[in-house]
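**Student:** Sequence:
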Amino acid sequence: MRAFAVKMFCEPVQSMELADPQPKGTEVLIEVTRCGVCHSDLHIQDGFYDLGGGKKLSLADRGVSVPVIMGHEVLGKLIAKGPEAEIADSEIGKTFLVYPWLGCGTCDICQRDEENYCTKPSSIGVYRPGGYAEKCLVPHPKHLVDVTGVDPTLASTYACSGITAYSALKKAEINKDKDLLVIMGLGGVGMSGLLIASALGFKNIAVADIDPAKRDLAMKNGAKLAVDPRDANAMTTLQAQPGGVAAAIDFVGAKATADFAVGALRKGGFYIVVGLFGGDMTLSIPLVVLRAITVRGSYVGNLKELRELIALVKSGKVKPMPVETVSLNGVNDALDRLRAGKVSGRLVIANG
Numbered sequence: 000m001r002a003f004a005v006k007m008f009c010e011p012v013q014s015m016e017l018a019d020p021q022p023k024g025t026e027v028l029i030e031v032t033r034c035g036v037c038h039s040d041l042h043i044q045d046g047f048y049d050l051g052g053g054k055k056l057s058l059a060d061r062g063v064s065v066p067v068i069m070g071h072e073v074l075g076k077l078i079a080k081g082p083e084a085e086i087a088d089s090e091i092g093k094t095f096l097v098y099p100w101l102g103c104g105t106c107d108i109c110q111r112d113e114e115n116y117c118t119k120p121s122s123i124g125v126y127r128p129g130g131y132a133e134k135c136l137v138p139h140p141k142h143l144v145d146v147t148g149v150d151p152t153l154a155s156t157y158a159c160s161g162i163t164a165y166s167a168l169k170k171a172e173i174n175k176d177k178d179l180l181v182i183m184g185l186g187g188v189g190m191s192g193l194l195i196a197s198a199l200g201f202k203n204i205a206v207a208d209i210d211p212a213k214r215d216l217a218m219k220n221g222a223k224l225a226v227d228p229r230d231a232n233a234m235t236t237l238q239a240q241p242g243g244v245a246a247a248i249d250f251v252g253a254k255a256t257a258d259f260a261v262g263a264l265r266k267g268g269f270y271i272v273v274g275l276f277g278g279d280m281t282l283s284i285p286l287v288v289l290r291a292i293t294v295r296g297s298y299v300g301n302l303k304e305l306r307e308l309i310a311l312v313k314s315g316k317v318k319p320m321p322v323e324t325v326s327l328n329g330v331n332d333a334l335d336r337l338r339a340g341k342v343s344g345r346l347v348i349a350n351g
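Reminder that position 178 of the sequence shown reads as 177 in numbering that gives the first Met the number 0, one-by-one numbering, no gaps.
By construction, these hints were calculated from the structure, which means they are not laboratory data. The beta-carbon is built from N, C-alpha and C at its ideal position, and this holds for glycine as well. Some hints could be false.
Subject to a maximum C-alpha distance of 30 Å in a straight line, what follows is the list of computed DSSO-like cross-link-like pairs (lysine-lysine) [claimed, not checked]:
| hint | residue 1 | residue 2 |
| --- | --- | --- |
| 1 | 170 | 223 |
| 2 | 266 | 169 |
| 3 | 341 | 6 |
| 4 | 313 | 177 |
| 5 | 54 | 6 |
| 6 | 55 | 76 |
| 7 | 316 | 223 |
| 8 | 341 | 254 |
| 9 | 303 | 169 |
| 10 | 177 | 213 |
| 11 | 202 | 55 |
| 12 | 119 | 213 |
| 13 | 213 | 223 |
| 14 | 318 | 169 |
| 15 | 55 | 341 |
| 16 | 169 | 6 |
| 17 | 177 | 254 |
| 18 | 119 | 254 |
| 19 | 141 | 177 |
| 20 | 76 | 54 |
Label pairs and their computed distance ranges (CB to CB) [stated by the list, open to error]:
| hint | residue 1 | residue 2 | range |
| --- | --- | --- | --- |
| 21 | 295 | 52 | 17 to 23 Å |
| 22 | 267 | 316 | 26 to 32 Å |
| 23 | 110 | 315 | 29 to 35 Å |
Could you build all of it, start to finish, from the sequences and the hints given here?
**Tutor:** Shown next as structure tokens:
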């Protein structure tokens, strides 16, 4: 099969020819027809996360070894199964979305279907071969999610941008009818967050982004207020809203966005950081206590949450986000565009 892999960190992905994987035990084999291109892939390509203060978190030190066949938003046809895979023969040929955030599969955390919190991650497209390929091996059929009736290009994005936004929104414990929710960053995950927030019933949503085109798009898709966080009056504008800022979800995860979001919170507010752009932040301990704010990280989502999200999508409540298809041969160009911030919505590789 043909695949594209990171053979050396900080370099473009390269084409590879590999033998078709053969499912064993409980494994199932997916013929990839769609695979989203995610900002996380840029960090994998680089081989590190920026921890701020000149420090880096090396992916090699975390067990990620090259070559890496990236791609964790995988959707495709089930074409084969191992002898111990508990899935009916009649399911062969059916299209499924793949839950990619795998763990060791045996610990208590994994047994609770919270594999994204496993201390021995085995995520598809990171630690094991992903969807930048013609075929993808999945360790167990429980990780296949039925997306019948959902546009396949759109459906693939829910395995990361969708579930990441959905899980973060569930952590915003505020009054959906009255409280102000601020979404920081309107990239693929942030825009998905805006659309899912509206579907979940959040009535009072503001957005903050430096791109005027993205702010305009947000206003057309459910946002009540849009600000440029670089504007000297932006924070005051948000704080002046009735009730103040109850929760801010940061889909960028940079020092500037963190400082802005935390500074804007009302007393008792929630700051939920999702993005991995990088950097560090400084919090005054007395002010955290006196303001009674909650600072929480949110890492992707679990299998149950992905199934909940797909049910919400099938209900028709989630407006589709902008998606653009690219070819597998054009994956390097797609990554370059994403790195340059020249993508509105999401890029998805389409095979067939």
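**Student:** Now tell me if each hint is right for this structure.
**Tutor:** Hint by hint, here is what the structure shows:
no. : hint                     : in the structure
1   : 170 with 223             : holds (21 Å)
2   : 266 with 169             : holds (20 Å)
3   : 341 with 6               : holds (25 Å)
4   : 313 with 177             : holds (27 Å)
5   : 54 with 6                : holds (24 Å)
6   : 55 with 76               : violated (38 Å)
7   : 316 with 223             : holds (18 Å)
8   : 341 with 254             : holds (22 Å)
9   : 303 with 169             : holds (13 Å)
10  : 177 with 213             : holds (24 Å)
11  : 202 with 55              : violated (39 Å)
12  : 119 with 213             : violated (37 Å)
13  : 213 with 223             : holds (14 Å)
14  : 318 with 169             : holds (18 Å)
15  : 55 with 341              : holds (26 Å)
16  : 169 with 6               : violated (37 Å)
17  : 177 with 254             : holds (29 Å)
18  : 119 with 254             : holds (28 Å)
19  : 141 with 177             : violated (38 Å)
20  : 76 with 54               : violated (42 Å)
21  : 295 with 52: 17 to 23 Å  : holds (22 Å)
22  : 267 with 316: 26 to 32 Å : holds (29 Å)
23  : 110 with 315: 29 to 35 Å : holds (34 Å)
This entry does not satisfy hints 6, 11, 12, 16, 19, 20, going by the numbered hints stated previously.
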